[in-house]
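We have chain A; now place chain B onto it with these hints.
There are 2 protein chains.
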Amino acid sequence: MPSDRNRILVESIKRLLRRGATSHLGKIVNKTHAADLSVVFRSLSLTEQRKLFTMISDVEQKGVLFSELDEDTFQDLIEGMKIEDIVRILESMPADDVADIIGRLPEDISKTILDKMKTAESEEVEGLLRYDDETAGGIMVPDFIALKEDNTARAAIESLQKEHSDVEMPFYLYVVDEYGKLVGVSSLRQLVVVPPDTPLKDFMATDVFSVQTDMDQEEVAKIVARYDILAVPVVDGTNRLVGIVTVDDVIDIIRKEATEDILRMAGAGEEFVETKSILKSTRIRLPWLFASCIGGILAFFIIGKFESSLLKFTYLAAFIPVIMGMGGNIGTQSSTIVVRGLATGRLHARDLWSVVLKELTIGVILGLVYGLLIGSVAQFRYSTLALAISVALAVVSSMSIAALVGSLVPMGFARVNIDPAVATGPFVTTAIDIISVLFYFVIATTLLGI
Amino acid sequence: MPSDRNRILVESIKRLLRRGATSHLGKIVNKTHAADLSVVFRSLSLTEQRKLFTMISDVEQKGVLFSELDEDTFQDLIEGMKIEDIVRILESMPADDVADIIGRLPEDISKTILDKMKTAESEEVEGLLRYDDETAGGIMVPDFIALKEDNTARAAIESLQKEHSDVEMPFYLYVVDEYGKLVGVSSLRQLVVVPPDTPLKDFMATDVFSVQTDMDQEEVAKIVARYDILAVPVVDGTNRLVGIVTVDDVIDIIRKEATEDILRMAGAGEEFVETKSILKSTRIRLPWLFASCIGGILAFFIIGKFESSLLKFTYLAAFIPVIMGMGGNIGTQSSTIVVRGLATGRLHARDLWSVVLKELTIGVILGLVYGLLIGSVAQFRYSTLALAISVALAVVSSMSIAALVGSLVPMGFARVNIDPAVATGPFVTTAIDIISVLFYFVIATTLLGI
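Protein chains in written order, with this note's numbering: chain A, 1495 to 1944; chain B, 1495 to 1944.
If we strip away everything but chain A, and leave its shape as in the complex, we get (with noise of 0.2 Å):
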């Protein structure tokens, strides 16, 4: 729905909510898209939302709300409601959205929203639980379709009538042998196109991709993106199917990825944090800026060191900001274009001295550059060809020195495992502000000869 349509939604849901049109706004609120319930509910304060939300008649609708809506107001919102209700609705959604919703609430809540579930529900979602919940097993779905190899295309046919009829995403049908074990994959369009007496195991694919449930659902999310595929099979230690990702979730990780790597490199935390509160938006961002701070002082002390210095030449003040900003400037360019290529798979940790070298080179040759530059403009200025040296040298080194160490400390972490978004914005900046200062002065107070 593009942003205007939700615009006006939002605003006459507001209105009737006001003129308190309870019947208009029970026929609007049971035609709209939980998806786009949810951009709604951020607009509207705790009471409105509950108002709103008893007015969803439909039990899976209001499910739909449930995996949509953000954690935060998720949880002020369950927080008026009667148990049972909260259990109805999640028995209407597919145990992974219901497993991810457990997971996050409080431990004595979710045991009683368990306990009051059907069993079979409730094993399935506590199934899901066990699996780290950012790995394939904690977000794949258990719903599937598993026929058996020896089955013919009619039978296959016919148990779709009968079962699975519950099955989200009907578009894989996976094969499996006595034990359970993966065995191949076929569809639902082959079924209806070979001859109905042919066994599945003469006309299924037998080079089937499948993943752990242990992996990563980053690597998950890549290969699903690789492969151009809709599903993939899931298999625990002895190769037995035991689920399936889909590929809307598959979507949803791979935004929710990118816009962590995003907001951890500008340290900003890791979750959207625009629409939170001013003060919890400010706790978030508080920390990150510690260590820019300290750097700052760190940097201010070094400076001190040099104060005699400054005294005789003061004007080597003036070239602290844009010796700053090119190392600052190009220690960001290296560090975000690791942190992405590692992130979409264009770059790999092994590759750690190949990757870096090249951007010490282009470092240096783009110092080589800007300090020419730049030190003409000091040349230009103050006529002193000590001090434009000095300050061609400093770009030189600060914009080399950026560019390594933008490079090497999120490679670095990629290698011993650590995510690099996480240890890169803030701390390489900082690091790269103190370094280009002290190489500044130590350049111009001997070459100055003071």
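No lab work stands behind these hints: they were computed from the structure.
Treat the hints with caution; some may be incorrect.
Identical copies carry no separate label here, and so any pair may be met within one copy or between two of them.
Said to hold, decoys possible - Restricting the straight-line Cα-Cα distance to at most 30 Å, the calculated cross-link-like pairs of lysine-lysine (DSS-like) are: (1) K1695 x K1656; (2) K1605 x K1750; (3) K1525 x K1675; (4) K1774 x K1852; (5) K1610 x K1576; (6) K1695 x K1852; (7) K1642 x K1525; (8) K1576 x K1525; (9) K1799 x K1750; (10) K1642 x K1656.
Below, chain B without anything else, positioned relative to chain A:
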């Protein structure tokens, strides 16, 4: 394929290439998925790439490889090929991928290719080329299943068996009226489940999402992602069904747009440059650094104006890094949050003032916290209250302005439909640097009475 397996593949292919073990190599190449081959190609020289490419026997695999290769690699690869061979491969590919490739080739080559292609194929491709590359029309595939609304389920299944065998992803069956206008949607699954004589219009869903040919691809991706659908139908101005956009293309768009945003914000071009040559990467990154260079030189002239003040209070220089650093970092936080929020639909350009006000508030709060902290350090070190207050005020103003500029610029750009990411990165940082330095010196010279 996990990256370990990929590395092993690359290494054994390189080894076999060196040894000239053609038959063994041929077996491996023809058993490997084209998506993996495209990764292998990145690590090979052009000669090796050409050798490997001729070993692929399946023309369709060559086609998949064509669409998976990086643009540069692709252009180099086809340079040595006969037009007839290229045409034969393109004819085996989906029309949207062909249009993508043709659109990027020099006009004389693309014309020759289109002339040599089968009329039906080239017409499809030329039909797609009419649409802007980054719109629904530019990314849709013209192969979809459209059935008349009066058809029965049985007739529909029969027509699927006879025609439509080349359709890429046959999970949605679109229903059109006699003029080809989209009126509903059904699924293979439903066809199999309903009584065979039911006409489509009796069981199709009529609330079908569709997009116009000129909708921006990012909007299309958002719709597919939000409603968890596998394909969205594309209609022309008269609601005639002309194509579908499938979820696998949506994934590529989401990843590409995220990469573009990240790189643009860092001033590192928009395409991933690390796999390009050093010279090319340098050329792409050079101009972005120019903004920062100009900004630095401006800051230098500003500080030059205060030379006499610096002469009296040398230690003023020592606080330049911390004030610039704090402003720069909070500015990055603000602009990153806003750019990502706009990209994911969490924020809207119409909410400009509420977002900017919130960021400004956070900037002031964080500015007060860190202003107090850094001011205290200044007081502790120099015991000059006027200096400590100047530094504190400079931090507050720098951080507040940075949060303001960092959010206002991208919000403003979004409002006038300029990509906020491209305009934000280096420009915002540079602007903040200059303003921070200027405010600092104005405040300090005023308070210190110099």
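A quick look at each hint next to the structure:
In this assembly of identical chains, the alpha carbons of K1695 and K1656 lie at most 30 Å apart whether taken from the same copy (22 Å) or from different copies (23 Å). For a Cα distance limit of 30 Å, the shortest separation of K1605 from K1750 inside one copy, 28 Å, qualifies, whereas the shortest one across copies, 41 Å, does not. Taking the shortest Cα distances, K1525 and K1675 sit within 30 Å of each other only across copies (23 Å), while inside one copy they are farther apart (43 Å). For a Cα distance limit of 30 Å, the shortest separation of K1774 from K1852 across copies, 12 Å, qualifies, whereas the shortest one inside one copy, 41 Å, does not.
Taking identical chains as interchangeable, the C-alpha atoms of K1610 and K1576 lie at most 30 Å apart only when both belong to the same chain, with a minimum of 12 Å there against 69 Å between chains. Taking CA atoms no more than 30 Å apart as the test, K1695 paired with K1852 passes in neither setting, with 51 Å inside one copy and 61 Å between copies. Taking CA atoms no more than 30 Å apart as the test, K1642 paired with K1525 passes between copies only; the shortest distance there is 27 Å, against 41 Å inside one copy. Taking identical chains as interchangeable, the C-alpha atoms of K1576 and K1525 lie at most 30 Å apart only when both belong to the same chain, with a minimum of 25 Å there against 57 Å between chains.
Taking the closest pair of Cα atoms, K1799 and K1750 never come within 30 Å of each other, the shortest separation being 46 Å inside a single copy and 47 Å across copies. Proximity of K1642 and K1656 under a CA criterion of 30 Å is satisfied in both settings, with 16 Å inside one chain copy and 28 Å between copies.
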